[in-house]
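Chemist: Chain by chain, the residues:
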Amino acid sequence: MLRGFLKINMKKLLKNNLVIMIIFSVVVLTMPIWMQPFGAAYPDILQKFVIFGVFAIGYNILFGLTGYLSFGHAAFLGVGSYTAVWSFKLLTMNIIPAIILSVIMSGIFAVLMGYVALRRSGIYFSILTLAFAQMCYNLAYSVLTPITNGETGLQLAKSDPRVIDRLFSEAGEGLPSTTLFGIETSGYSGFYISAVVMIIVFYISLKIFNSSFGLKLKAIKSNQNRMRYLGFNTRPYLLTAFVISGMYAGLAGGLLAATDPLAGAERMQWTASGEVILMTILGGVGTLFGPLLGVIIIKYFENIFSAINQLDLHSFYSIFPTWLENAMVSISSLFVGEGWHMTLGLLFMLVVAFLPGGVLEGMQLTYKKLTTYVSKKRNKTGGESKKETGVNHGK
Amino acid sequence: MDAILLQLLNGLDKGGAYALIALGLTLAFGTLGIVNFAHGALFMLGAFCAVTFNKFLTISKSVKDESITFFDAYKEVPYLEIWWGDTGAAIIDYAVPLSILFAIPVMLLIGWALERGLIQYFYKRTHASQILFTFGLAIVIQEIIRHIFGANPIPTPAPEIVSGSANIGLYLGLGENIIYPWWRLIYFSFSIIVITAVFAFLKFTTFGMVVRAGIQNREMVGMLGINIERRFTIVFSLSAVVAGVAGVMYAPIVPPDFHLGMDFLVLTFVVVVVGGMGSLPGAVAAGFLLGVLQSFAAMNEVKEILPGIDQIIIYLVAVVVLLVRPRGLMGVKGVFED
Chain A
1 MLRGFLKINM KKLLKNNLVI MIIFSVVVLT MPIWMQPFGA AYPDILQKFV
51 IFGVFAIGYN ILFGLTGYLS FGHAAFLGVG SYTAVWSFKL LTMNIIPAII
101 LSVIMSGIFA VLMGYVALRR SGIYFSILTL AFAQMCYNLA YSVLTPITNG
151 ETGLQLAKSD PRVIDRLFSE AGEGLPSTTL FGIETSGYSG FYISAVVMII
201 VFYISLKIFN SSFGLKLKAI KSNQNRMRYL GFNTRPYLLT AFVISGMYAG
251 LAGGLLAATD PLAGAERMQW TASGEVILMT ILGGVGTLFG PLLGVIIIKY
301 FENIFSAINQ LDLHSFYSIF PTWLENAMVS ISSLFVGEGW HMTLGLLFML
351 VVAFLPGGVL EGMQLTYKKL TTYVSKKRNK TGGESKKETG VNHGK
Chain B
1001 MDAILLQLLN GLDKGGAYAL IALGLTLAFG TLGIVNFAHG ALFMLGAFCA
1051 VTFNKFLTIS KSVKDESITF FDAYKEVPYL EIWWGDTGAA IIDYAVPLSI
1101 LFAIPVMLLI GWALERGLIQ YFYKRTHASQ ILFTFGLAIV IQEIIRHIFG
1151 ANPIPTPAPE IVSGSANIGL YLGLGENIIY PWWRLIYFSF SIIVITAVFA
1201 FLKFTTFGMV VRAGIQNREM VGMLGINIER RFTIVFSLSA VVAGVAGVMY
1251 APIVPPDFHL GMDFLVLTFV VVVVGGMGSL PGAVAAGFLL GVLQSFAAMN
1301 EVKEILPGID QIIIYLVAVV VLLVRPRGLM GVKGVFED
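Protein chains in written order, with the numbering used here: chain A, 1 to 395; chain B, 1001 to 1338.
Think of the hints as simulated: they come from the structure by calculation, not from any bench.
Fair warning: there could be bad hints in the mix.
[Stated by the list, open to error] With a Cα cut of at most 25 Å, we get these calculated BS3-like pairs of lysine-lysine:
hint, chain 1, residue 1, chain 2, residue 2
1, A, 221, B, 1124
2, A, 380, A, 369
3, A, 15, A, 218
4, A, 89, A, 12
5, B, 1055, A, 218
6, A, 380, A, 15
The model shown is predicted, which means the values in this text are computed figures rather than measured ones.
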């Protein structure tokens, strides 16, 4: 009786946005503590977790809700980064205007790209977005070099004007660093700032998922024609979703620049779009937490795998006889260090092939299997007290 | 005038490569309904077939250098030269064209293995998951190649006799300014031959007829009692071979490195979309068209008016074509329409 009551209440509680947000915020903000046992409790990687979290949450709004597979989101990330760095160069080292500008700028880009690309759907949409992203990437490397600084990447310089900063103070010695009203935005404070931003945008995405707008997007995914027959013009909804997710990507780019004021064109390459797709899918497309989970898994293993070198491998396999050790090392070295991309590609294939719903779905499935297994066992031991009757099948 | 003709020629060899890759891609699209993002990797594998074959032919032994007398000097001499003298040297010289013979069975095998081992499980999945799966596959293939051959481009020379340039202007009586490398000319002719062969195969053989019927209506062909799946395996292998030989012959033009495939893949996808999904003539026409357009956009005169146009022309054309003619230039009705 009491257990049932608790269960119902727990379920109700977990449906409550406020409760979800509180739990989520606590989990995110205590990351530096509970990441300790995993050896990932240093600011650099924590920042990556939350910033790419923003990126993936935004991507999920488009891909997860509408099913439109965009290969062009890296372009928005790049645009956001460039805008933020230019804001540092021209206006002020404060990150607030930089972030706002990068969101606006990527929003404008998203409107342009989305307006054209959303005229088609399916694979055509993917290729149109891919074409746009490649255009941005190629231009950033060639003609736009005065804006993007080409291969070197856009960096801060001492001679930058920084108009707003100059109103308040003289230029100091050396390069100034990015701040939030005097708080340094690198290291742990950078993580906390990004984490707060991520919690806010997560709340927005939660609202979108539960809104009628979100429902319409889901309806578009399941059957666009039916939506049209029902009298909805689907394109404005799609465009809104596209622009929102593009702005999320721009925000992520702005945050990347805020924690490390550098912007390079390689952020815009289509393989970068591939990475965010993988993160979203790995975690679970169309779920709220899935993309975040995907980000943490990928960034965590990227960090670990790409740091391993031959020596580490030799010491790891040292318990085996030498010939086996050498063989194991040569096999494993395919997947670590420089070979991290290989692991990523394999992961991509495996996830798409066997776990299209992502890790989250996998966990749900195992949970279900476990509970049915346990209840079956209980039924067996408890005799025939709970025999299935035909009556229940009507439910 | 000369400059225009030269740019036209310049575009043709690149266009040939685009057309060949797009042809294979379209074959896989039209028949199997597979969006194969790993097709660029197959092109790259072809180029590395040439590299491997070249390495294989030049396995060497150090031999005492007789020409240096005052100290013991050793030089590497390939076994082929030791055994067969000048004939051996000639074989090594012709390594690239000869490696087509090596590449065809290898690519056939690779295509067959990929289709039976992996791709066949994705016929019934959504295009998004096909794209993602083959994208992962492309990364894996690319990384394996990098692991074996390293990250640097590997120069693979063309045979000595065609390493120079042809003075085409002189042959055609157009002046002496149109000079064009022989190998690129060969590549263009080669691509025309392969394309013709593929079309002839599809047009004049019973097998080709079945495949064409399969492109139009796969279910119906299946109902007529033809094992269409098995034919499709062969078609996939064929598309792998086409991509492979295109890669082999491309090796002397651009020294192959591991992301050669990725560079070409994105462009080829655009080519296929411009030509029209599922249309083989469309793929070929769009391949040459975009190749030539790209080389015209690279002219200095054009670049002065529109800076950077050479970088984006292909994508720009794709955007315009998709918006004006959603089905592509020669799109087939009913193929890949959502």
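Chemist: Determine for every hint whether it applies to the structure shown.
Modeler: Here is what the structure says about each hint:
1. 221(A) to 1124(B): holds, 18 Å
2. 380(A) to 369(A): The hint holds at about 16 Å.
3. 15(A) to 218(A): OK: residue 15(A) and residue 218(A) at ~19 Å, within 25 Å.
4. 89(A) to 12(A): Roughly 49 Å between the alpha carbons, so the hint for residue 89(A) and residue 12(A) is violated.
5. 1055(B) to 218(A): Distance ~55 Å between residue 1055(B) and residue 218(A) Cα, so the pair is violated.
6. 380(A) to 15(A): violated, 34 Å
Comparing the model with each earlier hint shows violations of hints 4, 5, 6; every other hint is respected.
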